[in-house]
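Given these sequences and hints, build the entire structure.
Protein chains in written order, with the numbering used here: chain A, 1 to 318; chain B, 1 to 639; chain C, 1 to 339.
Because the hints were derived from the structure by calculation, they are not lab data. Here a beta-carbon is modelled for each residue, glycine too, at the ideal position from N, C-alpha and C. There may be inaccurate statements among the hints.
To be clear about the criterion: a stretch of chain A counts as covered by chain C if any three or more of its residues have a C-beta under 8 Å from a C-beta of chain C, and this derived list gives those stretches [stated by the list, open to error]:
1. 111-122
2. 248-254
3. 274-281
Anything over 12 Å on all C-beta distances counts as not near chain A; from chain B, calculated [to be verified]:
4. Val-59
5. Asp-375
6. Leu-388
7. Asp-403
8. Trp-418
9. Gln-421
10. Thr-435
11. Asn-463
12. Ala-490
13. Asn-551
14. Leu-571
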Amino acid sequence: MTAAPVDPPVHSLSAERWRLRAQNLRGFVRRFASRTDGVIGFVILATFGIVAIAPELLVGPLQTATTATGHSLEAPSGVHLFGTDELGRDILNLTIHGARISMSIGLLATAITIVFGAVIGIVAGFTGGRTDSALMRVTDFFLVLPTFVLAIILAPVILDIVGTGAEIFGIRATLVVIIVVIGITSWATTARIIRSQTLSIRERMFVDRARVIGAGPGHIMRRHVFPNVVNLIVAQAVITFALAVFTETTLSFIGLGDPFAPSWGQILNAAQSSGAPGLEAWWYIAPPAICVVLVVLAFTLVGNALDDILNPKMRGRR
Amino acid sequence: MNRSTFRARAARILMTAGLAFAALGPATAPVAAAEPVVLRVGTTQDLDSLNPYATLLVVGYEAFQLTYNLLVDFGPDLEPVAGFADSWERAADGQSWTFHIREGMKWSDGEPATSADACFSWQFAIDSIAENGSGYLGAGYIDPGVEEAGVTKVECPDANTMIATTDDASLRILQTYMPIIPKHIWGAETYATIGEAVFDAPLIGTGPYTAVEWQTGQFLRLQRNPNYWGTQGYADEVDIIIYKTADSMAQALKAGEVDYVRGVNADQLNALKSDPNIQTVAGSANGWTQLAFNTYGTGTGKTIKGGGPSTPALLDAAFRDALGYAVDKQTLVDRVLGGYGDLGDTIVPPVQTQWHVTPDKPRTFDIELAKQKLDAAGYKLDGSGNRLDKENNPITLRMYMPDSDDNYPKAAQFIADWYGQLGIKVTTQVLDSGTLGELVLPPEAGDGYTADYDIELWGWSWNVDPSGELQIFKCDAIGSSSDSQYCNPAFDKLYDDQLAAPTIEARKAIIAQMQNLIYDEAVYDVLYYDSNLDAYRTDRFAGWQNQPTANGTPMFTYGVLGYTRLTNAALVPTAAPATEAPGGATPAPSAAPGDSGAGSGDSTPLVLGGLVVVVVVVGYYLWRRRQGAGGTMKDEGEE
Amino acid sequence: MGSRYLARKFGQALVTIFAIVLLNFVLFRMMPGSPERVLLRNPYLTAGKVEQVRKAWGLDAPLLPITIAVDPPGVSLNVPNQLTSYIGATFSGDLGYSFKFRGAPVTDVIGQRFWPTILLIGFAEIIAITVGLAIGSYAGWKRGSLSDRVGSGISLVLYSMPYFVIGMPLILIFAAGLGWFPTSGMLTVGATYSSFLDQLFDFGRHLVLPLATVSLGLIGGYSIIMRSSIIETRAEDYVTTARAKGLTDGQVLSRHAFPNAMLPMVTLIAINLGYVVAGAITAEVVFNWPGLGTLTVDALSARDYPVLQGVFLLLSVTVVLANLVADLVYAFLDPRVRS
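As structure tokens, this is what we get:
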């Protein structure tokens, strides 16, 4: 490292940046590959990701009451590897299709959470002053609220707002409600973390320099702050994803799900209400439950590994 | 070494603790002779109120009809039998009824029960009707019966006589669900306040059992009324236990923790059948599950801005009729109800054998025929296979259902598929009951209501008299109870005619005509008449009496019959009929837990005691562990 | 302890509680439900009855203490309104009336369910903290060893399981299958007990499975955090010093590393208390434990908003107070915070 900073010419700056990025990426991949837990998590996620993208290829279209292929609550057999539900639908079919629904809800909820959290965090951290303290008051307020009960209360309010139409942008309204509810109740942690990182970046030299050469705050936030918090955002997104799948499962289980879109939580809800535990129909419960646990576990493993690699100092959770 | 012994010790402690708890099941509890006989009845309905005027649920009706008598009760086949009144007769001119209240009857607190109580209770409904028309007393379920019975005045000339003035020619007055509550307790209430009054247990009644303790969401305890005038059942106490799921309820029945369960599903019922001590019963429900088509504008030509049916096709009886051929009701009963139910046709459930008729022109399941009928009625397919309405717009029907029954979304999947085969797309959505109830309201109900739906998949359940199910198709039900928005003056006239019919035969004929009218117009597609799937244990109680005898269930029916007929199962081999079973004198069967002693009512000492015990145990454990663990760590030190 | 620090913390907590009450009010007015909706399936319902019910519940009053009249023009303040009556009622302990239980006071409905939850959660916390801290500190201390991997692995799996996913197999095996424990409830209804001990045993039998569920669900989180806390502490100078002094490994862990690693745990446990109640909702539902969790879900399915609001208020205020306690405890333990 040389002591005096010398501005390189603009054209080579971009090339240099790309070279550095490639180098960083290689280093990152190497370090990630050395984390066994992270790799295990990644493999699980990749598997579920593929399943979620093309469930039809594996098990054909989602079975409905009319297209069910079995009898009520058949135990696992050669024909139905995971048995059937009370309508005679194949549990394997439902679970595989459930992957798509659960993962999509998780993905969209994470997107809302992260965008919301990151924007608030960056703006608060960078702007400082009154805006910062106002935004952080709100954030702290949301951190204190028991999110799960808030989610339960918000669900009917949001359903009322999105209306009773069956679909919005091709997503069933009930699912939109769950996505929005998760988003509203979980952005605060992200905002907090991004803000503190932004605070430290704001003080760095290159931000001052950008300011001196006349860059506006919007430009600085986009071009200088954002690239430096993106690592954190990625790690946070992965952890949020786990939380979103977890929350979706729980909300569906207590009856806020959509019987026409069998996510894993919804399948478990159906299993519970059709009496599967008492009828000892373990095959109805085990596949979706194991999938939920695997996915949440995998996201947590990957998230922890990323967290350690990308932000060695930013550990600790709240 | 140390560590493993510690682990082994911990494991042993856990095992013993677990087994100790497990071993102390009800089955092994000591038996004492003086122990009360408790009948435990399970339901998944969460009791909402002990106030008879406020409750909306079957379990609430069960609670109040055990505590309070009706003036006239219901027999095994719903025939009138003695209730608060011993006997009754209609005046020769047909303008009044005289009810004789039995002499010497007492409330459970020992106060005399007289005609003054009967007049006091009936007066609520008469005042309410006189002031507002019916539907204003409490939740509005009780006074309509009095209005339909045509009662305009009640008088009580002496302590044992109540005279009701009515010009109604039918026997409806004997089926009126009006609980007689004690005037000496509630005398200060009026018809306007009684619906909001707090009925805190213990309650004072004349019924066979009176409510003594209610823990919301958990249970209601009712104890034998020592002053009950009629046949006493074997049970000294009736506990209505509220289960969160039918599953845990079915488990409890198998384990003997409960004697009777109401409302299990088909799979559970089949599983319970294999238990030799359990009897299952599939009673025909006095109700149905239906598709209600939004026909807003029928007969009036009115439309709703930003609401109403999405296609005028729904107003066309020929269109709705054609849809009826696309629904395979046998499949619905087999697959959704597991075979426990009857195929739906008219709007009077078959359990009302006196009134139900099969349609004159029944529809069959025939998708091809449905297509032909749609074509013939002018609903053509477009190039991509969508059915078009007469304005050439593709028909997409929005079907909504409440979240109160898991079977609704199952049935909806079938319907959507069958309509889909006709080229009609169906979008389905589950809503909570309150939201759906408001969604189907038209502007007649108030500003902001737009009846913005096409099909409502929901159900109804009814009283003994069929006028309720006829009422909801009247023009003036639009804006309140109508979920089809159907209006047809001819139907309204028939409704008035059947109320005024001079004889039962005449009324039957009119009601048959009304059933056929609604069926032919296909305002509703009644999918099925669900069954009530109940089960009960036969090893403790005998004498279970279905009501009605042919197709009913022993409990959650009309009146108190099922409870008063119960006998001791241990005495059954002699096949003694249910006449009398003195409580307390008979030793209790071994399945009942515990001895007499401290009641289970107040949980405060339990809470405090539990806390103390746990604190002591945990403290001791931690202390021991600290001693032990310190040693373990020391021994393990390697460096 | 600095009184200004104290005053600030109390002030913040008070402001937050007030904000929660306001949020409650706003949400309540946005809710699509109102008490008359439960009446809607009555075939004899009339529009007049609906109006009557709305009046009876005070839902026809203006929302805010200001009304702006058009004719004649003018602004009047402090008219009878829903906002001030709501705030006044809430702070005097009146949480309104349940829709579902036909007008029963919300405080009564919640009161019945308070102790079962406290018992379940309290015991579960004690077990989970004890076991979780033990697993976590041992795993952290023996970082990288086999016991660390197994301990951390189990903790992570437990951490990834929703409560009902833990509870359903327990019912399947121990209640439905083996029949060792009852499937639901807190006491055998209608049972009469010969002695207090009898009753306690009945309670214990019902408690085992839900308690196991909640404890297992909590252990993962505590263990994971304790592990990383120990790992951090382990690298500190005083631990190295203690080791250099010749103390055994066990002594270093129990006398130096563990107490210091506990510092962040104390706040975490305090803060967690409030969330745990909300989190254990599904465990209560699975076992039909008559606590706040089942109440919440029942109230949700009946759209009993006053009860939902009451539970939300209770839990939020609990969390705020737990936070306050955590701040104070932390300040007490670590004087640096106060400055």
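To see whether the hints hold, each was checked on the structure:
1. 111-122: Answer violated; 0 residues pass the 8 Å Cβ test.
2. 248-254: holds (count 4)
3. 274-281: holds (count 3)
4. Val-59: 19 Å, holds
5. Asp-375: Answer for Asp-375/B: holds, closest chain A Cβ roughly 24 Å.
6. Leu-388: 21 Å, holds
7. Asp-403: Its Cβ does come within 12 Å of chain A, the nearest being 7 Å, so this is violated.
8. Trp-418: 8 Å, violated
9. Gln-421: 10 Å, violated
10. Thr-435: 7 Å, violated
11. Asn-463: The claim holds: Asn-463/B sits with its nearest Cβ about 29 Å from chain A, beyond 12 Å.
12. Ala-490: Nearest chain A Cβ is 33 Å from Ala-490/B, so the label holds.
13. Asn-551: Asn-551/B clear of chain A: closest Cβ-Cβ about 24 Å, beyond 12 Å.
14. Leu-571: Consistent with the label, Leu-571/B stays out of reach of chain A, its closest Cβ about 32 Å off (over 12 Å).
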